[in-house]
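Enquirer: If you want the building blocks of each chain, they are given just below.
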Amino acid sequence: MSLLPFFKWMEGLAVYRSSIYLGPGVNLVHLVSMCTFMGALLMVDLRLLGTGLTNQPVKQVARTAQPWLIAGLIGLTLTGVPALMATATMQYASQVFWFKMYVLAFAVIFTFTVRRAVAASDEGRVSPVLGKLVALVSIVAWMAVAAGGRLIMYL
Amino acid sequence: MWPPPFQSFFVWVSTLPGSQYLREDAPSFFGTFLTLHVLSMCLFLGLVFMMDLRLLGVAHLDTSVTQIQKRLFPWQLVGAIVMSVSGLILFYAQPVLYWGKGFYWVKMLVAMPLALANLLVFHFTTYRSVGAWDTDASPPFGAKLAGILSIVLWITVLSFGRLVAYDWWTIVEQVK
Chain A
1 MSLLPFFKWM EGLAVYRSSI YLGPGVNLVH LVSMCTFMGA LLMVDLRLLG TGLTNQPVKQ
61 VARTAQPWLI AGLIGLTLTG VPALMATATM QYASQVFWFK MYVLAFAVIF TFTVRRAVAA
121 SDEGRVSPVL GKLVALVSIV AWMAVAAGGR LIMYL
Chain B
1 MWPPPFQSFF VWVSTLPGSQ YLREDAPSFF GTFLTLHVLS MCLFLGLVFM MDLRLLGVAH
61 LDTSVTQIQK RLFPWQLVGA IVMSVSGLIL FYAQPVLYWG KGFYWVKMLV AMPLALANLL
121 VFHFTTYRSV GAWDTDASPP FGAKLAGILS IVLWITVLSF GRLVAYDWWT IVEQVK
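Chains A and B are the protein sequences, given in the same order.
Under this note's numbering, the first residue of the first sequence carries the number 1, and numbering increases by one thereafter.
Under this note's numbering, the first residue of the second sequence carries the number 1, and numbering increases by one thereafter.
All the pointers check out, no bait thrown in.
Chain B side only, calculated, beta carbon under 8 Å to chain A, not exhaustive: (1) F49; (2) H60; (3) R71.
DEER-style ranges, computed between Cβ atoms: (4) D122/A / P74/B: 26 to 34 Å; (5) H123/B / V114/A: 38 to 46 Å; (6) S19/A / L120/B: 35 to 43 Å; (7) F6/B / G25/A: 28 to 36 Å; (8) L4/A / P5/B: 47 to 55 Å; (9) L61/B / G124/A: 21 to 29 Å; (10) K132/A / L77/B: 20 to 28 Å; (11) Q60/A / P17/B: 50 to 58 Å.
Derived by calculation from the structure, the hints in this document are not laboratory data.
It should be emphasised that the depicted structure is a prediction, and the values quoted were computed from it without experimental measurement.
Heads up, the beta-carbon is just placed ideally off N, CA and C, and yes, glycines get one too.
Please work from the sequences and hints to get the whole structure.
Expert: Take a look at the structure:
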């Protein structure tokens, strides 16, 4: 079953029709949300890699970063969905868009299962190597999502 | 003020070695360098925001301000360097385009200097007394002011940078 009719329907809603400032405005909020999300993400991933806030336990860094990670992700979703809807058929035809969506799905699942469990565990319960591996996967996956978003226009 | 001054300088930069090549004959150049610019922005702005939120007294309250500042600074610096270098190279490849972009001028000559000035003023005033309020959940007014100004000014820098991509406030000059 093809998703094309669904994408055409989304584009038909013309979510940006009310103002020419809506598209750019939504895009700017998307980028600010991305920075907030990435900041909260990197605080924890850097700590897992053994740098950044090394005076605090990973668990504590993860706990204080969590609200900003979630806030960033909510902002990204609320702005990303209309951005997709406005140009849905172009996105549908773009391989980079689908790359971004698959990596995004993986990154979300990974972040709220494996990474969450590792970051929330007490000192010494998880091997440092595993922590570092999880941090690297997290950084690479989310940076790939960001790069994908930027490259949809170029590839 | 508008059209902007120094057009001949920007045209001259566009004739320097490599500029025309990047602009016209390197198909993957813009995608690659804009992506580098965005990813390094995530590192720089993300960690700057986290530090600002601590100054505002709303995040990472169980970590002292000096810890946040010292431990995040090297990574903010890495982000800032990659961002600046990629930005400079993007400028080098199409200087005449940026010459004709109102948002680029305001970003570079107003928003970014203000964001950097805020950082320096805070560092040489309120931050000098950090020993007295390092672990306070609610830092003094000067620190909160610096935090909110930093967030607002850096968002302005980001926004003006992004708005360069649209046709608004633009003079198109054909230069070969």
